[in-house]
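Peer 1: Go by the hints and put chain B onto chain A.
As they're listed, the protein sequences go chains A and B.
If you're matching positions, the first sequence starts at 1 in my numbering and goes up one per residue.
If you're matching positions, the second sequence starts at 1 in my numbering and goes up one per residue.
For the record, the hints were derived by calculation from the structure and aren't laboratory data.
Quick reminder that beta carbons are idealized off the backbone N, C-alpha and C, glycines included.
Be aware that a few hints might be false.
Unchecked claim - Heads up, incomplete: computed chain A residues facing chain B, CB under 10 Å, no partners named:
1) T96
2) H268
3) I316
4) L370
5) P426
6) T454
7) I456
8) Y462
9) L464
10) Y467
11) E474
Said to hold, decoys possible - Straight line, CA to CA, 16 Å or less: simulated EDC-like cross-link-like pairs of lysine to aspartate or glutamate:
12) K469/A x D164/B
13) K73/B x E192/B
14) K376/B x E455/B
15) K99/A x D523/A
16) K95/A x E515/A
17) K159/B x E474/A
18) K370/B x E283/B
19) K560/B x D309/B
20) K73/B x E515/A
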Amino acid sequence: MQTGHDSHADKQPVNTIARTLLYVPAIIAFVYLGAIFSVQIEYPVLSWVIFLPIIGGFLIFLIPRKHEMLARATSLGLTLVAFILSLPLYINFDKTTAKMQFTEVHNWIPAWGIKYSLGVDGISILFVLLSTLLSILCVTVSWTAITEKVKEFYGSILLIEGSMIGVFCSLDFFLFYIFWEAMLIPMYILIGVWGGPNRVYAAIKFFLFTLVGSLLMLVGIIVSYYYTNKSFDVLQMMNTTYPYTIQLILFWAFFAAFAVKVPMFPVHTWLPDAHTEAPTAGSVILAGILIKMGAYGFLRFSIPLFPEAAKAMAPIMIVLSVIAIIYGAVICLAQTDLKRLIAYSSVSHMGFVTLGIFALNMQGIQGGILQMINHGIVTGALFLSVGIIYERTHTREIAHYGGAATAMPVYAAFFMIFTLASIGLPGTNGFIGEFLILLGGFMAWKLMGVLACTGIIIGAGYMLWLYQKVFFLETNPYAHYHEDVNEREFLTLLPLVVLVLWIGFYPNALLSFMEVSVQGLIDRVNVSAQQQITQNIIEVIK
Amino acid sequence: MTMEKYVLIPLLPLIGFCINIWFGRFYQEKAHWISILAVLGSFILSVITFIEVLQGKVINYDLYSWVISGNFKVSIGFLIDQLTAIMLIVVTSVSLLVHIYSVGYMHGDSGYYRFFSYLNLFTFSMLMLVTGNNLMQLYFGWEAVGLCSYFLIGYYFRKQSAADAGKKAFIVNRFGDFGFGIGVFMVFIYLETLHYTDIFANIHTLQGQTINILGFEIGLVTLIALLLFCGAIGKSAQLPLHVWLADAMEGPTPVSALIHAATMVTAGVFLVARFNPLFSMSETAMMVVALTGAITSLFAATIALVQNDIKRIIAYSTVSQLGYMFLACGVGAYGAGIFHLFTHAYFKALLFLGAGSVMHAMAGQLDIQKMGGLRKYMPITFWTFMIASVSIAGIPGLAGFFSKDEILWLAYNAGTVGRIVWVIGTIVAGLTAFYSFRIVFLTFFGKFKGTHEEEHHLHESPSSMTVPLMILAVGAISAGWVGIPPLLGGTNMIGHFLEPVLGHPHVHGTHAEEWMVIAISVVVALGGIFTAAVMYLWAPGIPQLLGRTFRSIYTVLWNKYYVDELYDYTIVRPTKWIGSRILVGVTDGKIIEGIVNGVPKLIAEFGERFRKLQTGFLQHYAMGMAFGLFVILSLVLIFVKQ
Chain A
1 MQTGHDSHAD KQPVNTIART LLYVPAIIAF VYLGAIFSVQ IEYPVLSWVI FLPIIGGFLI
61 FLIPRKHEML ARATSLGLTL VAFILSLPLY INFDKTTAKM QFTEVHNWIP AWGIKYSLGV
121 DGISILFVLL STLLSILCVT VSWTAITEKV KEFYGSILLI EGSMIGVFCS LDFFLFYIFW
181 EAMLIPMYIL IGVWGGPNRV YAAIKFFLFT LVGSLLMLVG IIVSYYYTNK SFDVLQMMNT
241 TYPYTIQLIL FWAFFAAFAV KVPMFPVHTW LPDAHTEAPT AGSVILAGIL IKMGAYGFLR
301 FSIPLFPEAA KAMAPIMIVL SVIAIIYGAV ICLAQTDLKR LIAYSSVSHM GFVTLGIFAL
361 NMQGIQGGIL QMINHGIVTG ALFLSVGIIY ERTHTREIAH YGGAATAMPV YAAFFMIFTL
421 ASIGLPGTNG FIGEFLILLG GFMAWKLMGV LACTGIIIGA GYMLWLYQKV FFLETNPYAH
481 YHEDVNEREF LTLLPLVVLV LWIGFYPNAL LSFMEVSVQG LIDRVNVSAQ QQITQNIIEV
541 IK
Chain B
1 MTMEKYVLIP LLPLIGFCIN IWFGRFYQEK AHWISILAVL GSFILSVITF IEVLQGKVIN
61 YDLYSWVISG NFKVSIGFLI DQLTAIMLIV VTSVSLLVHI YSVGYMHGDS GYYRFFSYLN
121 LFTFSMLMLV TGNNLMQLYF GWEAVGLCSY FLIGYYFRKQ SAADAGKKAF IVNRFGDFGF
181 GIGVFMVFIY LETLHYTDIF ANIHTLQGQT INILGFEIGL VTLIALLLFC GAIGKSAQLP
241 LHVWLADAME GPTPVSALIH AATMVTAGVF LVARFNPLFS MSETAMMVVA LTGAITSLFA
301 ATIALVQNDI KRIIAYSTVS QLGYMFLACG VGAYGAGIFH LFTHAYFKAL LFLGAGSVMH
361 AMAGQLDIQK MGGLRKYMPI TFWTFMIASV SIAGIPGLAG FFSKDEILWL AYNAGTVGRI
421 VWVIGTIVAG LTAFYSFRIV FLTFFGKFKG THEEEHHLHE SPSSMTVPLM ILAVGAISAG
481 WVGIPPLLGG TNMIGHFLEP VLGHPHVHGT HAEEWMVIAI SVVVALGGIF TAAVMYLWAP
541 GIPQLLGRTF RSIYTVLWNK YYVDELYDYT IVRPTKWIGS RILVGVTDGK IIEGIVNGVP
601 KLIAEFGERF RKLQTGFLQH YAMGMAFGLF VILSLVLIFV KQ
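Chain A on its own, in the form it takes in the complex (with noise of 0.2 Å):
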């Protein structure tokens, strides 16, 4: 009985390796042909990044309810043309200038100062990458788990696709608002109609508590637009100085809406309702890169817009950061949920990014950026296989699991591997991000750096023990496993897999991308810091 078993769960995969690697070179070829012909032809790259997934995403509802199949197979193609488009930003990227690039300039309401404004630096640009490619996973991961509603599913996706590039791509103040609150509606949809059983309070939870600090950051976006000139404009922003007061005041209402999104200790409890209560798409969102945004927010507007507050207000976000990275981990011990334990991961593994990014070096900020790509990664991987276990197993107890590893061995398998990573150890690109943070960490606040080292340790220990848990250990007589992964399941995988060890062993080929911009942004915060300190000199002198 046992042989027969387990010799069938040998042969399974065996077949499954074998017939997607059949796919794998026609997935490359056409990945390929896909960017020489992106590159041959023009077009407003971001424009269509954008525009491309939000009209499909409103055509989808459209389709007849009977043809789901079609409603699938729409999204996928849309996202797959979407990430073909937007492979032109990573090949003719100019990695030797800090300012914006494929920026498209239109006025828009010219009474208001409003400008349709896009663009690309080294620090968003890796985001809408991460963007495109998290939602063609999205979509191939519910092709079979969404059955009801579909079309409108798979058109929420599409719109929150749509929108979150349009965050890190907006140039204006007022088009990035948009974009800011346009991604909440569906997303809260998201969450509220195909999440778990608790989802209507977990959407609630998390849309009042997102509302709540972009109200404030509406209000600090106004404040600062009389600033300067009555323009929205994110770059004539950056050329103003504020009074040292009202820098002190927009830092903190822009840190409302940014800190919500991180999520930072102590406004991270919508985190883990909202992860666990999604489907897994708007986990993988959630996690891949929703909550980037606000990490993305305190470098884009924050940091350039109000360098002295932020050099001020450093060490609070540091010792908040170091907070939620023990806390974070500390909490993991104590889950007994799957998905809720991987999201208090997250509150974890933010901390480190906004450590790094309030360490204001350059180690700390690249680190940071890198992480948030990582995380973005392995979190989102992670969230995708546990949607992938939890369709065959329908339960989130880890108690419920056991011996996986024996019924599901190329599952197993994709999982150590994003634990690894998820712990960052060498060789995957956790391990580059997290070092990177700590050092900066440590070279700009000694003592909280060695504090925050203490969050790998328990990582380490909560971690292993859910893969022990789950995976170890004679199979739970209670657990249908069922088969191994399929073709589907694999080939959603297997990107993230290739992407982790690229990154693990090869970072400058993200790092590069990001140098000089971030060199730029860590001059503003130093030269006007130096201002600033010359201006006091000179009242004092007065």
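Peer 2: Just chain B now, kept in the frame of chain A:
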């Protein structure tokens, strides 16, 4: 990016791993061919490289830039000097023999290909560790070998104890790496590089600098050295992080031989030896290293005296011998430490593989009290195990004697601390001889004490297992001949070979003193063997009598000084308790959630009262909106005017 043949030394096992882990399922029982060929290739290249180094060549080159962030630049690169060359030989030769041995030992296991892939991955990681030319690559190898150790300890993952042991090894090591990582940061902050050659070129600038920690002025050199040593403590299972190694014996025996005896656990010694210019600059750090080593070696040896699990005794023996190596490094005798690492690799791997052969015959039985008389049934295993035991006991002529003697002699010459650790080292030598022969006598001599069925099953192991045993036996005899001291007619070749990297301490003692040190250690070793013979061959009642008379001491030793329990109650449980009771229960559950849920409740209450305002008349709403807008705009304008 230039490719040279040295790259292939670590790369071949990595290729073997990639092939086997992907395609191993297709050819299950033939997976070992790829693995063995890969390691054989590495071994041959290592020998060629060794010969090049012997001729005076030192290789240092970068393969590609790994991480560049501002002024932080680190490459994947290779430094092959005398120290690395010795490590290459140790790692690839033992790895090759263990691979071959595993063909017989793991025969019929359902995860056969998986086992060989992990062994290959381990070999790759270990080679990356020893060949790296910078601290970050060392750290890469350091963590990667830890990962392989985790995989292989937990190889039988269906077993609770194996899964637990793997996890424990990983997490305990993370504690050591915590210090190690901070040490790496410190090196970078003060020297702005992580490459060995640059570090050692600029290391003198650290001399005399101090750093203030919580009001104490601590020498920078001492601090960095001790932080790096934290990593070594974890990886080489020294006090107080030794707790994982005994549990690591849950892994298959070839793993214990390769990872937990010959190679990975010696990485800590390698680290200290590699950073000898740094350690030598700080007397405090040296003293800490020497005393940690000495105390650990005594501590582990005493535990080994009373244990009954054959693999655990050898594991504690390993901890003890690693302590010996640190003791050597701590008195400045880095060369002697590496020499002992070299000889230890062979006799300890032999002991483990011999134990594996015994287990193979005994159907997995580990309790030496249930064995006996095996010498009749498995002569090759018996004789090779005997050779290893004689070697570790330090009987003149065999490998263990020369390296141990070198350490003791140099310790004797190294001032007060040296004298203290010499005394401890000599005591440990006696204990080592005793427990090693306790295993030999209980296992191979006397009458068989197991069941009849087990006796029927006894047999010598297949040749794929016995041949590696015999080859290792040659090593256990002759590995020491490369370091015969001048006093005994040799030239201490290995010492001179390593001198460019590790230096050589000055010796003031006379020939008479050197003879005395040798004589004492030999007498002590013979005394240990004799005592073991008395207690376990000629008067078998004595152990029980002693156990009863010194009940409390026996219990403490049997329970390994209760260190595991101590950690459980002071670290593991409190952390979990804080997590579940305080954070989930109070802060997240009550305080933060209370506030969050309280606000909407408040709003809802207000809502009830203000419901009257909802008149349904459009103009009322418009009024309200206009008023609100007015308030906001005036606030904004007031703000802006300031």
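Peer 1: Evaluate each hint against the coordinates.
Peer 2: Going through the hints against the structure:
For T96/A, the shortest C-beta to C-beta distance to chain B is roughly 15 Å, which exceeds 10 Å, and the interface hint is violated. Given the 10 Å rule on beta carbons, the hint for H268/A holds: about 8 Å separates it from the nearest Cβ of chain B. Taking 10 Å as the C-beta cut-off, the interface hint given for I316/A is violated, the closest approach to chain B being about 18 Å. Interface hint at L370/A: satisfied, since its Cβ lies 9 Å from the closest Cβ of chain B, which is below the 10 Å cut-off.
Checking P426/A against chain B by beta carbon gives a least distance of about 4 Å; that is within 10 Å, so the hint holds. Using the Cβ-Cβ criterion of 10 Å, the hint placing T454/A at the interface with chain B is satisfied: the shortest such distance is roughly 7 Å. The restraint placing I456/A at the interface with chain B holds, with a minimum CB-CB distance near 7 Å, inside the 10 Å limit. The closest approach between the C-beta of Y462/A and any C-beta of chain B is roughly 9 Å, which is under the 10 Å cut-off, so the hint is satisfied.
With a cut of 10 Å, the hint placing L464/A at the interface with chain B holds, because the nearest CB-to-CB distance is about 5 Å. Because the beta carbon of Y467/A sits about 8 Å from the nearest beta carbon in chain B, less than 10 Å, this interface hint is met. For E474/A, the interface hint holds, since its Cβ comes within 10 Å of a Cβ in chain B; the closest pair sits about 5 Å apart. Our distance criterion of 16 Å between C-alpha atoms is met by K469/A and D164/B, whose separation comes to about 10 Å.
The hinted pair formed by K73/B and E192/B meets the criterion: a straight-line CA distance of about 9 Å does not exceed 16 Å. Taken as a hint, the K376/B and E455/B pair is honoured in the structure, with Cα atoms around 11 Å apart against an allowance of 16 Å. A hinted pair counts as satisfied when its Cα atoms are at most 16 Å apart, and K99/A with D523/A qualifies at roughly 14 Å. The straight-line distance between the Cα atoms of K95/A and E515/A is roughly 8 Å, inside the 16 Å bound, and the hint therefore holds.
Using a Cα cut-off of 16 Å, the hinted pair K159/B and E474/A holds, with the two alpha carbons roughly 7 Å apart. Taking the CA atoms of K370/B and E283/B, the gap is about 48 Å. The hint is violated against a cut of 16 Å. Taking the CA atoms of K560/B and D309/B, the gap is near 13 Å; set against the 16 Å cutoff, the hint holds. Restraint check: the Cα-Cα separation between K73/B and E515/A comes to about 13 Å, which is no more than 16 Å; the hinted pair holds.
Going through the hint list in order, the structure does not satisfy hints 1, 3 and 18.
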